[in-house]
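**Q** Take the given structure of chain R and dock chain C to it, following the hints.
Number of protein chains: 2
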Amino acid sequence: MPEVVALVLRGTVIDSPSRTTLRVREHCLLGVSAEGRIAFCEDAHEEEIVAGGSVLLRDGGEVGLGAECAIVRLPPRGFLCPGLVDTHTHAPQFSFTGTGYDLQLLEWLTTYTFPAEQGFANLSHAARICRAAVRRTLYAGTTSCVYFATIHTEAALQLGRIASGMGQRAFVGKVNMDRNSPPSYVESTAESIAETERFVERMRAEAAEGRSGDVVGEDGLCVACEPKGPPPQPVVTPRFVPTCSGELMAALGRIAAKHGLLVTSHISENLGEVAWVKELHPECEHYAGVYDAAGLLTPRTILAHGVYLTAAERALLKARGSTVSHCPLSNCMLRSGMLNVRRALSEGVHVALGTDVSGGASPSMLTAIREALKVSNLTSLVEKEKSGEEWAPLTCTEAFHLATVGGATTLGVEHLTGHLSVGSICDAVVIDPDADGTPFDLQDADDALTAWTKWITLGDDRNTAEVYVQGRPVLHG
Amino acid sequence: MPEVVALVLRGTVIDSPSRTTLRVREHCLLGVSAEGRIAFCEDAHEEEIVAGGSVLLRDGGEVGLGAECAIVRLPPRGFLCPGLVDTHTHAPQFSFTGTGYDLQLLEWLTTYTFPAEQGFANLSHAARICRAAVRRTLYAGTTSCVYFATIHTEAALQLGRIASGMGQRAFVGKVNMDRNSPPSYVESTAESIAETERFVERMRAEAAEGRSGDVVGEDGLCVACEPKGPPPQPVVTPRFVPTCSGELMAALGRIAAKHGLLVTSHISENLGEVAWVKELHPECEHYAGVYDAAGLLTPRTILAHGVYLTAAERALLKARGSTVSHCPLSNCMLRSGMLNVRRALSEGVHVALGTDVSGGASPSMLTAIREALKVSNLTSLVEKEKSGEEWAPLTCTEAFHLATVGGATTLGVEHLTGHLSVGSICDAVVIDPDADGTPFDLQDADDALTAWTKWITLGDDRNTAEVYVQGRPVLHG
Numbered sequence: 001m002p003e004v005v006a007l008v009l010r011g012t013v014i015d016s017p018s019r020t021t022l023r024v025r026e027h028c029l030l031g032v033s034a035e036g037r038i039a040f041c042e043d044a045h046e047e048e049i050v051a052g053g054s055v056l057l058r059d060g061g062e063v064g065l066g067a068e069c070a071i072v073r074l075p076p077r078g079f080l081c082p083g084l085v086d087t088h089t090h091a092p093q094f095s096f097t098g099t100g101y102d103l104q105l106l107e108w109l110t111t112y113t114f115p116a117e118q119g120f121a122n123l124s125h126a127a128r129i130c131r132a133a134v135r136r137t138l139y140a141g142t143t144s145c146v147y148f149a150t151i152h153t154e155a156a157l158q159l160g161r162i163a164s165g166m167g168q169r170a171f172v173g174k175v176n177m178d179r180n181s182p183p184s185y186v187e188s189t190a191e192s193i194a195e196t197e198r199f200v201e202r203m204r205a206e207a208a209e210g211r212s213g214d215v216v217g218e219d220g221l222c223v224a225c226e227p228k229g230p231p232p233q234p235v236v237t238p239r240f241v242p243t244c245s246g247e248l249m250a251a252l253g254r255i256a257a258k259h260g261l262l263v264t265s266h267i268s269e270n271l272g273e274v275a276w277v278k279e280l281h282p283e284c285e286h287y288a289g290v291y292d293a294a295g296l297l298t299p300r301t302i303l304a305h306g307v308y309l310t311a312a313e314r315a316l317l318k319a320r321g322s323t324v325s326h327c328p329l330s331n332c333m334l335r336s337g338m339l340n341v342r343r344a345l346s347e348g349v350h351v352a353l354g355t356d357v358s359g360g361a362s363p364s365m366l367t368a369i370r371e372a373l374k375v376s377n378l379t380s381l382v383e384k385e386k387s388g389e390e391w392a393p394l395t396c397t398e399a400f401h402l403a404t405v406g407g408a409t410t411l412g413v414e415h416l417t418g419h420l421s422v423g424s425i426c427d428a429v430v431i432d433p434d435a436d437g438t439p440f441d442l443q444d445a446d447d448a449l450t451a452w453t454k455w456i457t458l459g460d461d462r463n464t465a466e467v468y469v470q471g472r473p474v475l476h477g
Numbered sequence: 001m002p003e004v005v006a007l008v009l010r011g012t013v014i015d016s017p018s019r020t021t022l023r024v025r026e027h028c029l030l031g032v033s034a035e036g037r038i039a040f041c042e043d044a045h046e047e048e049i050v051a052g053g054s055v056l057l058r059d060g061g062e063v064g065l066g067a068e069c070a071i072v073r074l075p076p077r078g079f080l081c082p083g084l085v086d087t088h089t090h091a092p093q094f095s096f097t098g099t100g101y102d103l104q105l106l107e108w109l110t111t112y113t114f115p116a117e118q119g120f121a122n123l124s125h126a127a128r129i130c131r132a133a134v135r136r137t138l139y140a141g142t143t144s145c146v147y148f149a150t151i152h153t154e155a156a157l158q159l160g161r162i163a164s165g166m167g168q169r170a171f172v173g174k175v176n177m178d179r180n181s182p183p184s185y186v187e188s189t190a191e192s193i194a195e196t197e198r199f200v201e202r203m204r205a206e207a208a209e210g211r212s213g214d215v216v217g218e219d220g221l222c223v224a225c226e227p228k229g230p231p232p233q234p235v236v237t238p239r240f241v242p243t244c245s246g247e248l249m250a251a252l253g254r255i256a257a258k259h260g261l262l263v264t265s266h267i268s269e270n271l272g273e274v275a276w277v278k279e280l281h282p283e284c285e286h287y288a289g290v291y292d293a294a295g296l297l298t299p300r301t302i303l304a305h306g307v308y309l310t311a312a313e314r315a316l317l318k319a320r321g322s323t324v325s326h327c328p329l330s331n332c333m334l335r336s337g338m339l340n341v342r343r344a345l346s347e348g349v350h351v352a353l354g355t356d357v358s359g360g361a362s363p364s365m366l367t368a369i370r371e372a373l374k375v376s377n378l379t380s381l382v383e384k385e386k387s388g389e390e391w392a393p394l395t396c397t398e399a400f401h402l403a404t405v406g407g408a409t410t411l412g413v414e415h416l417t418g419h420l421s422v423g424s425i426c427d428a429v430v431i432d433p434d435a436d437g438t439p440f441d442l443q444d445a446d447d448a449l450t451a452w453t454k455w456i457t458l459g460d461d462r463n464t465a466e467v468y469v470q471g472r473p474v475l476h477g
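Listed in order, the protein sequences are those of chains R and C. 25 is the number that the working numbering gives to position 25 of the first sequence; each next residue is one higher, with no gaps. 173 is the number that the working numbering gives to position 173 of the second sequence; each next residue is one higher, with no gaps.
Chain R extracted, bound-state conformation:
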């Protein structure tokens, strides 16, 4: 009895299994099991699909097509590539995306961000903003997304249901803040800890019940239902050191360890912030040390920014196996600075990419890739002028790798690799370079690699023809 697949995609498949390799496979037949795993990816022409309902593999094996197996032809000059992984964004900040770039981080937080986040006490408002956020990121090709919600447990649970209901693989943090926050947007330490426990347990319980999805109810609120995508996963999310007491952070470290959770926060985004942390924690050697003392630096920790990390801090992150989520657009727009990604990589620090809406204006990981390339270009010039050091700029393939494999491997989901190899989960996007209104022009002689390069450089949501999460079409399926 041959293995059975539920979906066969036919066409060109492009991924980046290693940091310096772009793999372009044309004339592919890529089969996906009912569980969403890639069962085969063969260099094959159409006629090799046996009429009798099975596919003969080159190694002599045979894979059956399930009774309702969908056979999907990719667009003629299009391709399938791994879904993009956004390791850092803020769903509530989609309410003011595209405005508020006159201030730097600390003033920006109190002037624009905290008031906007406070609005998530209203669940109906929160649902509207979150639906728009998930829609934007999904159409941009983001199959996995790490979202900061707000301090409100119910709004954070709801965000998870919305993302899962729309089919996205979501990682959601109820934000913790028990100090240096506005009186109307802060929790007590005890409350913050208790609500985090409640958040984690409730999200996991809904997943276990198979009711972690949502549909829009009559009042605009959510109605729990079977999700379209994988259930959302809770993330322990201290906002950043300035707004979290040592006691709170230590408790969060224990919660993360107890439940085996992802942890996410911010670090060393801005010079004012770094100075403030130094003042708040004279007992710690450095900013990263504060998180480490609380047990928050693990192989499942994602820290956004890290622009001003010192060599000692980078060595600590490497030792802990924690990830830096590089958010170049945000770093430029909020005048934070430029992370030297090449140096971090060469020192063995794990790096992924994030959009950081609304510090970054764009919800698209394509923009994050482009900005990472530009910042890397500029860093190489500035560092050379400053110190004579040569840091090679990132290549397109490397930035794409960070946005796919770099992010996916950080999330710790079994078989989610960020590339499209046999055995991997099929989180993928179908790109059509000839879509209506496409923002770039293919020439007659352009090959698949050129089409991919133009998409990376100029493409947008118009080119996203379909998005698969765990092998299931979520835009048009």
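Calculated from the structure, these hints are not laboratory results. Don't take each hint at face value.
No copy is singled out in the list; a pair is fine if it fits within one copy or between any two copies.
Claimed, not checked - Taking lysine to aspartate or glutamate pairs in the DMTMM-like style, the calculated list, with each CA pair at most 25 Å apart, reads:
#1 Lys318 with Asp436
#2 Lys318 with Glu385
#3 Lys384 with Asp102
#4 Lys278 with Glu201
#5 Lys278 with Glu26
#6 Lys258 with Glu201
#7 Lys278 with Glu385
#8 Lys384 with Glu279
#9 Lys386 with Asp102
#10 Lys318 with Glu390
#11 Lys318 with Glu154
#12 Lys386 with Asp446
#13 Lys384 with Glu107
#14 Lys258 with Glu206
#15 Lys258 with Glu197
#16 Lys258 with Glu209
#17 Lys278 with Glu42
**A** Showing chain C alone in chain R's frame:
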């Protein structure tokens, strides 16, 4: 007998008449004469249009509506703003836009650019690329565009006809190159001079005959016809010092003076280029001095980049009244460097913006605005770290001003101001923030200023509902 208008636009009008002023006029009636000049712009409600076919002005005047006057209501949450002015782009390079960013300027020219430009010897190929280029820039809201063509006179003339035929206000340069160029893409000095004269005379003759437009002929070539837009204007275009002998540059300076033409070229984009020019012209004090010696620095000169201009060169440009076309995306993508725009402005140098396709991948001046803001942010950080100097980043309004007034006033077209005041030429774009597939979300409480800010930060061609050049609709008219 009251003045008569051919077009009335009703809604919100946003422009930036001075560098630090954003003017938001709601409930406007903006009237445009048959010649394309703004006859009035009144704060008025609908009922103030007199049924009898005239508009009563606040000052007591009255303006008649022509027999076929179009009354156009702007989109409910949309606005009219000045058309964007691209002071530097390369039409032939649209053939490889979005690729080729692995090399820096000098290698990039010989590897990608010169071979692509050489292809413009084929007029049918050139027509196809130029039509796509003009379409992209027009839909991006660029009403005036300064194009480098190639060394081929016929292809450059054809580009002018195509742009004018589609309604864009185009400034076209037949490129000059008589040294340090590939054997298959170079002219003799005499040929370059003679062809420039022929180019200027032919383009002006076609304009005088009213046959400077084009429609697509059976063979894909151009058929001259009455243009939709203003006739194209010839620009004297030495590529840059390394590819132009002193003799050629001096002759071009004389041609520019004789015919009163715009001049455009490149300057100080890249350190390797600057070093090369120093080697080629030991007799000149600096790069800008080479152009000056040839009489090429005038108030009608636009020099792209200027990243590495010295204080003496900036003072010379100021004295000559020449313009620097800042092309930040290109400067980042080709690893050229960052121009300190604030410093140039504070020293009195005239600055405009350009896309520099395909050094910059995007044909959109919105991208140029965003990149100018980011580069300005980063420059302020880098300069502070380097020298302790404080250079305030550009504001959104300032960048928009550079992209409209900054560019328009450079072009020297009478009454083309880049803002929408009475007496100005009506080159304008209608922006619809609620267009199908719009890339940003307006919230219910968002006002006109917020809508404009979001468009500047996140908008794209989907938001361009109409483009007016000289008062005439060119996308849907």
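**Q** Each hint should be assessed against the structure and marked as holding or not.
**A** Quick rundown of the hints versus the structure:
Proximity of Lys318 to Asp436 under the C-alpha cut-off of 25 Å is found in neither arrangement, the shortest distances being 45 Å within a copy and 46 Å between copies. In this assembly of identical chains, Lys318 and Glu385 lie within 25 Å of each other by CA distance neither inside one copy nor across copies; the values are 28 Å within and 27 Å between. For the homomeric pair Lys384 and Asp102, the shortest alpha-carbon distance between copies (18 Å) is at most 25 Å, but the shortest distance inside one copy (30 Å) is not. In this assembly of identical chains, Lys278 and Glu201 lie within 25 Å of each other by CA distance neither inside one copy nor across copies; the values are 34 Å within and 69 Å between.
In this homomeric assembly, Lys278 and Glu26 never come within 25 Å of each other (Cα to Cα): the closest approach is 53 Å inside a single copy and 49 Å across copies. Within a single copy, Lys258 and Glu201 get their C-alpha atoms as close as 12 Å, which meets the 25 Å cut-off; across copies the closest is 81 Å, which misses it. When the C-alpha separation of Lys278 and Glu385 is checked against a cutoff of 25 Å, the pair qualifies only between copies, where the shortest distance is 20 Å, while the shortest distance within a copy is 29 Å. Taking CA atoms no more than 25 Å apart as the test, Lys384 paired with Glu279 passes between copies only; the shortest distance there is 23 Å, against 32 Å inside one copy.
For a Cα distance limit of 25 Å, the shortest separation of Lys386 from Asp102 across copies, 23 Å, qualifies, whereas the shortest one inside one copy, 28 Å, does not. In the homo-oligomer, the alpha carbons of Lys318 and Glu390 lie at most 25 Å apart inside one protomer (22 Å), although the nearest pairing across protomers, at 35 Å, exceeds that limit. Taking CA atoms no more than 25 Å apart as the test, Lys318 paired with Glu154 passes in neither setting, with 35 Å inside one copy and 60 Å between copies. When the C-alpha separation of Lys386 and Asp446 is checked against a cutoff of 25 Å, the pair qualifies neither within a copy, at 40 Å, nor between copies, at 44 Å.
Taking the closest pair of Cα atoms, Lys384 and Glu107 come within 25 Å of each other only across two copies (20 Å); inside a single copy the shortest separation is 32 Å, beyond that limit. Proximity of Lys258 and Glu206 under a CA criterion of 25 Å is satisfied intra-copy only: 19 Å inside one chain copy versus 80 Å between copies. Taking the shortest Cα distances, Lys258 and Glu197 sit within 25 Å of each other inside one copy (10 Å), while across copies they are farther apart (80 Å). Within a single copy, Lys258 and Glu209 get their C-alpha atoms as close as 21 Å, which meets the 25 Å cut-off; across copies the closest is 83 Å, which misses it.
In this homomeric assembly, Lys278 and Glu42 never come within 25 Å of each other (Cα to Cα): the closest approach is 55 Å inside a single copy and 57 Å across copies.
Hints 1, 2, 4, 5, 11, 12, 17 from the earlier list are contradicted by this structure; the remaining hints agree with it.
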